[in-house]
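Chemist: Residue numbers (numbering that gives the first Met the number 0), protein chains in the order written: chain A, 0 to 820; chain B, 0 to 174.
FYI, nobody ran anything at the bench for these hints, they're computed from the structure.
Any given hint could turn out to be false.
Straight-line C-alpha distance at most 25 Å; calculated DSS-like pairs for lysine-lysine [stated by the list, open to error]:
no. : chain 1 : residue 1 : chain 2 : residue 2
1   : A       : Lys-586   : A       : Lys-516
2   : B       : Lys-68    : A       : Lys-418
3   : A       : Lys-236   : A       : Lys-498
4   : A       : Lys-550   : A       : Lys-497
5   : B       : Lys-68    : A       : Lys-516
6   : A       : Lys-590   : A       : Lys-634
Among chain B residues calculated to face chain A with C-beta under 7 Å, some are [stated by the list, open to error]:
no. : residue
7   : Thr-48
8   : Thr-50
9   : Pro-53
10  : Val-62
11  : Asn-64
12  : Arg-66
13  : Gly-67
14  : Val-69
15  : Pro-71
All residues carry an ideal CB built from backbone N, CA and C; glycine is no exception.
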Amino acid sequence: MEEQDIPGIVNSLSEALVLAEPTDLQALASMHTQCGQVAEWARNKGLDTTAACCVASANLLESIILSEVADPVQAMGVVSKVVEALQGIVRDGRAESEVAFPLESLGGGAKAKAEPASPGQKPVSVPTAAPIARSGSRRLEGDRDLLSEFVSEAQEHLDNADVHLLTIESNPGDADALNAVFRAFHTIKGVAGFLALEDIQALAHESENLLDKARKNEIALIGGNIDVTFEAVDFMKRLVQHVSNALTSDAELPIEEELPALVVRIKGAATQEGEPPEGASLAPSSGQKLGEILVGAGLATEEAVEKAVEYQTDAERDFHLGEVLIREVVITRAQLEQALELQQQREPGRHLGDILVEMGAARLEDIERALAKQEAPQKQMPVGEILVQTGEVDAKDVALALRAQKQKQAPMEVKEAVKVDADRLDRLIDLIGELVIAESMVCQSIETLNVTAPHLSRQISQLDKITRELQEMGMSLRMVPVRGTFQKMARLVRDLAKKSGKRIEFVSEGEDTELDKTVVDKIGDPLVHMVRNSCDHGLESAPEERRRAGKPDVGRVTLRAFHKGGSIYIEIEDDGRGLDRNAILAKAREKGLIRDGDTMSDREVWSLIFEPGFSTAKVVTDVSGRGVGMDVVRKNIESLRGQVEIQSVAGKGSVFSIRLPLTLAIIEGMVIRAGRERFIVPTLSVIRSIQPHPGQVTTVVGRGEMLTLQGELIPLFRLHRIFSLSGAIEDPYKALVMIVENEGRKVGLMIDELVGQQQIVIKSLGQAMQELDGIAGGAIMSDGTVGLILDVGGLVAIANTYAFDVPKGSTHDLKAAVAQV
Amino acid sequence: MTQHDSDRLGSGGSAGLRERAGQYLTFALGNEVYGLEILKVQEIIGMTTVTKVPRTPDFLRGVINLRGKVIPVVDLRTKFGMETHEDTNLTCIIVVQVMRDSQQVTMGVIVDEVAEVLDVRADQIEPPPTFGTNTQTEFISGMGKVGSKVIILLDTDRVLSWGEVDAISEVAAST
Chain A
0 MEEQDIPGIV NSLSEALVLA EPTDLQALAS MHTQCGQVAE WARNKGLDTT
50 AACCVASANL LESIILSEVA DPVQAMGVVS KVVEALQGIV RDGRAESEVA
100 FPLESLGGGA KAKAEPASPG QKPVSVPTAA PIARSGSRRL EGDRDLLSEF
150 VSEAQEHLDN ADVHLLTIES NPGDADALNA VFRAFHTIKG VAGFLALEDI
200 QALAHESENL LDKARKNEIA LIGGNIDVTF EAVDFMKRLV QHVSNALTSD
250 AELPIEEELP ALVVRIKGAA TQEGEPPEGA SLAPSSGQKL GEILVGAGLA
300 TEEAVEKAVE YQTDAERDFH LGEVLIREVV ITRAQLEQAL ELQQQREPGR
350 HLGDILVEMG AARLEDIERA LAKQEAPQKQ MPVGEILVQT GEVDAKDVAL
400 ALRAQKQKQA PMEVKEAVKV DADRLDRLID LIGELVIAES MVCQSIETLN
450 VTAPHLSRQI SQLDKITREL QEMGMSLRMV PVRGTFQKMA RLVRDLAKKS
500 GKRIEFVSEG EDTELDKTVV DKIGDPLVHM VRNSCDHGLE SAPEERRRAG
550 KPDVGRVTLR AFHKGGSIYI EIEDDGRGLD RNAILAKARE KGLIRDGDTM
600 SDREVWSLIF EPGFSTAKVV TDVSGRGVGM DVVRKNIESL RGQVEIQSVA
650 GKGSVFSIRL PLTLAIIEGM VIRAGRERFI VPTLSVIRSI QPHPGQVTTV
700 VGRGEMLTLQ GELIPLFRLH RIFSLSGAIE DPYKALVMIV ENEGRKVGLM
750 IDELVGQQQI VIKSLGQAMQ ELDGIAGGAI MSDGTVGLIL DVGGLVAIAN
800 TYAFDVPKGS THDLKAAVAQ V
Chain B
0 MTQHDSDRLG SGGSAGLRER AGQYLTFALG NEVYGLEILK VQEIIGMTTV
50 TKVPRTPDFL RGVINLRGKV IPVVDLRTKF GMETHEDTNL TCIIVVQVMR
100 DSQQVTMGVI VDEVAEVLDV RADQIEPPPT FGTNTQTEFI SGMGKVGSKV
150 IILLDTDRVL SWGEVDAISE VAAST
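Okay, chain B solo, but in the shape it has when bound (with noise of 0.2 Å):
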């Protein structure tokens, strides 16, 4: 873990972005462009009906009913407080495997276009930016170059989980 805070500072040795190379699902959210470790990702569904669950975060759209398992739903741009629009059809959902307290859980993500899946290769990763404080950068595992485009590599287990703060701190703002 201790490498991977050094990663998230910036301060990162080569050591701890060879371990981020491999395969990303690209996929985009207005005109960024963000990746997912392959390995995490399960499937990739079309968007369907989220049925919203009272008293919680805003990020979380609601749970779906995946062949017969519900599963809560994370939307992407409300959580990196990104303007919101209505879904359209290229919308969909990414369903991804993370660990939540050293267990496994299925999730799925919201995200407005699925692109591609690529191969980042350990010097095409550089570690993630830093703005001060305003910004929230812990989930981002690192920047990827490939040919021109920039890739935001995102820490699967870090970007979808939502601890005990997160929750009350949303409920006590909506009340």
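Isolated chain A (complex conformation) (with noise of 0.2 Å):
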């Protein structure tokens, strides 16, 4: 503690007093560090007595925050007391004995705590942490808002530190990612203090401890080290879940009985003594040498980098003239040792040079360049080059850990971002729809095209460019990067590497690709499925099958993601045994699902494994093969308008892919007319439109239509009659039949006319009309007005009589959709 900054310290202790309420806790927690730092400056000065007044003042604050005191206001006013004395002197100059400090009031706590304070003694102003107090009430006692901050911010940092122990597992020697996962726990333990969270404030205060000492090179993250990091952050991420929980439902924070057997591990592993093993010990710096890496990775040995730096450094300096020009390739070796000879019998004065021209094995302008290299300060040569060219490396092994030094050179970028209430957002992208539509409704008024003023038909057209820059912009405001959901994914791997025992490489590629909000979150369930799928049944579980196939002993785990032809696309790729196709056969074939003779291709053959209750996994394992199955991970994806396909080539692994489209609110609609209203169908649902020929539409009992197309009978329902709309066409054959599927059924719908197809934006009926049978939601159309997207399935609800028993549509999907945007 600077001398010169305890005159301001206790000044604006005096001034936030003033201003403090007994509730106003950020105040107060800084106040309790303004404490803290004055006593540790007493206590250098050996002014015990202020030291011990100021860790009395500190406790009572705390005593404050965590609403222990019976009268807060008393409380402050106490503290108040001792800054007084503390500014007499501080600004006066006076002497320990010449101020009063309230001794009395601090209480017989305070003074028994004021007694031992020696000059030896921790400040208070680290928060103890380790005994976890079961005493105290497991109710939230701070302030909501400030615990709902906690809780969001708490999370973001948690799945930060997730993602900085894969680097640090990868890299023990990475000191940001260890400074990061550090703050995060320090950033959780402080905030945890003030609003009395023991249980966090205590798992977060000896992660940090763990974490300290790695930093300081005292323990190696690695190893059983890391596993009780990756622990801690697991177990933190559950308290704070509870705390989250505690919010919503008003309840108690649950007790969770194995907090203290992890906090002892942690502490194990904190205590930790002896040498840091290898890979460790590589210094921290960003600017790490090459040789340093290899080194670390065990690529190289010592003596041998070494080596190559003092060729480096020596060698290139005394290079012959000779020498240079077969390097050059001017000459070759045999030319030059004739050269040398020739030098050394009969012309002992004459140069190499000449002697080499007049032999006709170089030219002039060769040797003059040859000699200016020789002369001029040679570029070093890269100490990897040298270890390559001595064999002591691979080349690829140097390509590797040059990009590893690379990697880490870059600095990481940190972009800045606002965070911001999904409602409001949501209204901004509506209002710009609006201003889209009402923008071109002017624009394409026939005044506005009939202007003749320049000036005015340019800033129209400047209006319109800002117009569709904003509709851009807005559309890209909910899209985000998939990273996050890949990140949680490469974890996910790891812990499957840790239980099955197989070596697995995860691989990610298009982490930056943007998807919509909505489906990001969503997608998150499949994939974690999918790649368990990839890891415990895909891969081969013995290293010697893996071999025998021709294949690397570490299994790798792709996942990418990337835009193709409006979609994006995310794929789950392994290297491990594929798909068995008869194994596949076998089981559909048991379950009923195919016929003996039926002949498939492979691609109706992989799509069997989506079937419910379908698993070819011969041992059902504790991470995949139970609970539910690929039938839940296409219903996923199908609900968000995705589909899923399988490519596999048996021994060599299979390619899972997801297309999405690239935002749930907008849809492809093919516009229809029945009557005088126009509706909206989802253009995927729709099969084909015919107009029927006379004969192919019969009724049956007099009331139901059907309609024969290519030998099939598809049941036909008149959209009007459904609708009772008036002015439709009524005679079948001159109107139109649009073929839908529903349920995996065709079913006809018999319309007037089909108007366009066009993209949508979905909306939401809103809560007063959310039940309404037959329609799935609303959309603005590109006049403004608002159509309404037809639901299938609830049409042929309708059109039955006895409609109760009918199984609602595959458009309910749709209706999900809409309710969410």
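Using the supplied hints, reconstruct the complex from the two chains, each of which is provided in its own coordinate frame.
Modeler: In structure tokens:
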């Protein structure tokens, strides 16, 4: 603590005391810190009473923060007396005995604490942590706003910590990552302290200790230690989740029985003494040298690197002209030897260069260039090259090390972000959409098109341009990169590998690919399932099996995301054994899904695994093969209006490819007309439209109608009858029939006209009109009016008079999607 | 709610009516003048294209696009069983915020003409009349007499609610 800072601290303390309310936790917390600082200063100065009083004040403040004081106002008064006395000492330079410390008011406890105040005492500003008090109330005590802020912040920190821990695992020397994890726990500890979240504080404290030791290179974060750290992060997530739950349900925090055991484990990890193992001892600077990286990774011995460096610094300077020429491939070694022989035998005084020119082995300019090179300070040969040349290290390893070096040197770019309420964002996007429609109506009105004034038409086109840009920006606001989800998968693969004992390398590509936030949130579960599937069933369990197949021991799981043709693709690829066609077919026969004689393409066979209850895994493991199966994966993806496809080669691996729409808010819709009304049918559910020929439509029992199409009987419904619309075409041979899919069955819908196809922004019809049969939702059409999206399942249900047992249609998924928009 | 019901039955004390005092947006339907609590009114917009929604009660004219939000609009003439006529250029939509199942819902009300904002004092409000069972009056919260004008004060939350019962009976009647 700098001497000159103290008056400032005391002053700000007194100011804060005047202003602070006993409920203002932030102010109290900063006062708490300041008291600690003054106490430390006083202790160093030998002002024991002052130090003790400051410590007592800090304790008192802490009690106020934790609501342990009956009369906070009075307690604040005591603290302000202490600060008055401090001002006397600091500002007016009085002696300790001249000022009046309110020793009596600080109470017995404070006095007791004041007494042992010796110069060696630990400053109180460091929150004491370890004992997990089981006595206190397990209700949330702190300010609810602060608590919920804490929850969201802590979750963010923990997610980051996960990522950084993965980095540390693959590179124990990464100081940046280590610092980041440390900071995460440190921040959590600090805030949890103010909010009286004892469990969290205790766990964070121990984890922080462990990480601090790792930072100081006292211990290495590898093996068991990093596992403990991962465990701590997971446990912390759980504790934070408890707080979040307690906030919403007003329940008590549950008692975590396993916490003490974990704390002991963390402590154990932190107290491990001994030499940091290789790899962890690397200088944790971003400017690490290539040699160090190679040695650290165990790819080269230290001597080899030293030799190479020596060679690099010494060798080149003494290059003879001949050597230079050979390296430049001007002459061969034989020619050089011949020339040297000549020089020695016959013309000892003559220059080697002249001899070579005379021999015709080299041209004059070559010699001149070589001479210039020889004299000029040579560019040093890189260590890596030398190492490769001397055969010490593989070229590939050097390349890897170089890449690692480069990665570390590039400073991480931190993008600034503002958190915005999702509702406001949606509102903004709505308004932008509205602006676009209003703008296009203005721009396309006849009056505007007939504008003759050049400046006005220029301004209109400028307005048009800005509006388009705004629209693009608006669409991108909801887009978030898939990075976060992919990083979670990295963590998952790591855990799966640990559990199964397989060696798995996880590669992710295209992490910056952006998707609608809703899609990113929902794609997590199916991805977890598929990644598990790949790790657990896809990759071979024994390295021997992989070796026999000519593959490296370490299995590889690749997760990649990319844009293609207006859709987003997410692929999970593994280089495992691939899908077993025969096993799938056998299982399908057993389940009665296919008959014996069926011939099926690979694609059809692969899609069988999405059938409910289908699993070919011979052993049900802990990680997958229980609970939900691939059928749920497909359902989840289809509810996002996506599709899954599988490519697989036996023995080589498989690729699960998910195709997703760019955003949930926009669909391709077919605009149709029946009577005077227009409706929208999602293009995805339209199979085809036909104009029936006479004889194709037959009635059943005088009521129901059927359409015969290529030998298939399709139930036919007249849209205008279902919706009681007037003015529609009654003659089925003059109307159009749109064949749509409903629950895997074809249904014919009689309409008047197909108006066209357009991109449609889905809108909820709002609270007031949610449960409308036959209508999936609304949409804003290009002319600014509202269009209604048809729900085919609902239509069929209406058409069947006894509609109660008719299953709801597939477009109900769309209904669900609309509800989210 | 009991206070409310007693108001409607015409036997309410002055306390209930005092609650009804305040500013009202008045509008015309035919020759009658109605009032909506001003605090419930969000805005007034001109008549626009309304998309009819099939299989909904007749008085629900349809849905409109209010700056990117789809909101239902109710035709008060139909709702009150009055004779309907073509929209004029004075016809407009009053956008109101109502409570439905304890949730705030934005809705539109089609009226013939918007008049003015009136201050209605408690002593100017009388309980709603009763005309026997034939005329529905449960959505009338009171009758205001300001000067020579008689204003029918509407209970916004009630007038703009339609339960499952309405919808089903309407649909049953139409098929």
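Chemist: Evaluate each hint against the coordinates.
Modeler: Evaluated hints:
no., hint, verdict
1, Lys-586(A) to Lys-516(A), "violated, 38 Å"
2, Lys-68(B) to Lys-418(A), "holds, 24 Å"
3, Lys-236(A) to Lys-498(A), "holds, 20 Å"
4, Lys-550(A) to Lys-497(A), "holds, 21 Å"
5, Lys-68(B) to Lys-516(A), "holds, 20 Å"
6, Lys-590(A) to Lys-634(A), "holds, 20 Å"
7, Thr-48, "holds, 5 Å"
8, Thr-50, "holds, 4 Å"
9, Pro-53, "holds, 3 Å"
10, Val-62, "holds, 5 Å"
11, Asn-64, "holds, 5 Å"
12, Arg-66, "holds, 5 Å"
13, Gly-67, "holds, 3 Å"
14, Val-69, "holds, 4 Å"
15, Pro-71, "holds, 5 Å"
Against the hints set out earlier in the document, a violation occurs for number 1 only.
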